[in-house]
Amino acid sequence: MKIEQKVKQKSMLSTQVLNVKQKSMLSTQVLNVKQKSMLSTQVLNVKQKSMLSTQVLNVKQKSMLSTQVLNVKQKSMQSTQVLMPQMDMGKLN
11 MKIEQKVKQK
21 SMLSTQVLNV
31 KQKSMLSTQV
41 LNVKQKSMLS
51 TQVLNVKQKS
61 MLSTQVLNVK
71 QKSMLSTQVL
81 NVKQKSMQST
91 QVLMPQMDMG
101 KLN
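Everything in the sequence shown is counted per this note's numbering, starting at 11 for the first residue and increasing by one.
Derived by calculation from the structure, the hints in this document are not laboratory data. Do not take every clue at face value.
Capping the alpha-carbon separation at 25 angstroms, the derived lysine-lysine pairs in PhoX-like fashion look like this [said to hold, decoys possible]:
(1) 31 x 12
(2) 12 x 33
(3) 85 x 70
(4) 46 x 59
Across the chosen pairs, the derived CB separations fall in these ranges [said to hold, decoys possible]:
(5) 65 x 29: 51 to 57 angstroms
(6) 43 x 77: 29 to 35 angstroms
(7) 45 x 74: 40 to 46 angstroms
(8) 87 x 60: 38 to 44 angstroms
(9) 23 x 63: 58 to 64 angstroms
These numbers were taken from a predicted model, which means no experiment stands behind them. We put the beta carbon where it would ideally sit given N, CA and C, even for glycine.
Using the sequences and the accompanying hints, generate a full structural model.
This is the structure in structure tokens:
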């Protein structure tokens with residue numbers, strides 16, 4: 011009887027150890043999931059940052075376009091200013 015009891019106690023201990031191992035495995039899996047979700051949020055943050063940078067680029071391009079349009083307007087203003095005196099000179103003659 012004593013030997014059987016000892017064997018039972020040992021087997022009980024081994025199942026408890028197994029349970030502990032499984033629990034620790036579970037906890038590492040949960041940690042892995044947490045790390046993955048952290049990674050995914052980091053990737054999201056990077057995506058948002060890159061989206062922001064493209065938006066800033068777009069704004070820069072638009073402002074560049076507007077300055078180019080301004081330059082064209084200034085050039086056309088200059089050309090009309092140059093044209094006007096010549097027309098006046100033609101009228102005087």
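Cross-check of the supplied hints:
Restraint check: the Cα-Cα separation between residue 31 and residue 12 comes to about 28 angstroms, which exceeds 25 angstroms; the hinted pair is violated. A threshold of 25 angstroms between alpha carbons decides the hint, and for residue 12 with residue 33 the separation of about 31 angstroms lies outside it, so the pair is violated. As the CA atoms of residue 85 and residue 70 are separated by approximately 22 angstroms, the hinted pair is consistent with the 25 angstroms bound. Restraint check: the Cα-Cα separation between residue 46 and residue 59 comes to about 20 angstroms, which is no more than 25 angstroms; the hinted pair holds.
A C-beta distance of roughly 53 angstroms is found between residue 65 and residue 29, which places it inside the suggested range of 51 to 57 angstroms. Between residue 43 and residue 77 the CB atoms are about 51 angstroms apart, so this pair departs from the stated range of 29 to 35 angstroms. One distance hint, 40 to 46 angstroms for the beta-carbon pair residue 45 and residue 74, holds here, with the actual separation near 42 angstroms. For residue 87 and residue 60, the hinted distance range of 38 to 44 angstroms is satisfied, since their beta carbons lie about 40 angstroms from each other.
Look at residue 23 against residue 63: about 59 angstroms separates their beta carbons, and that is inside 58 to 64 angstroms.
Going down the numbered hints, you'll see the structure goes against 1, 2, 6, while the others check out.
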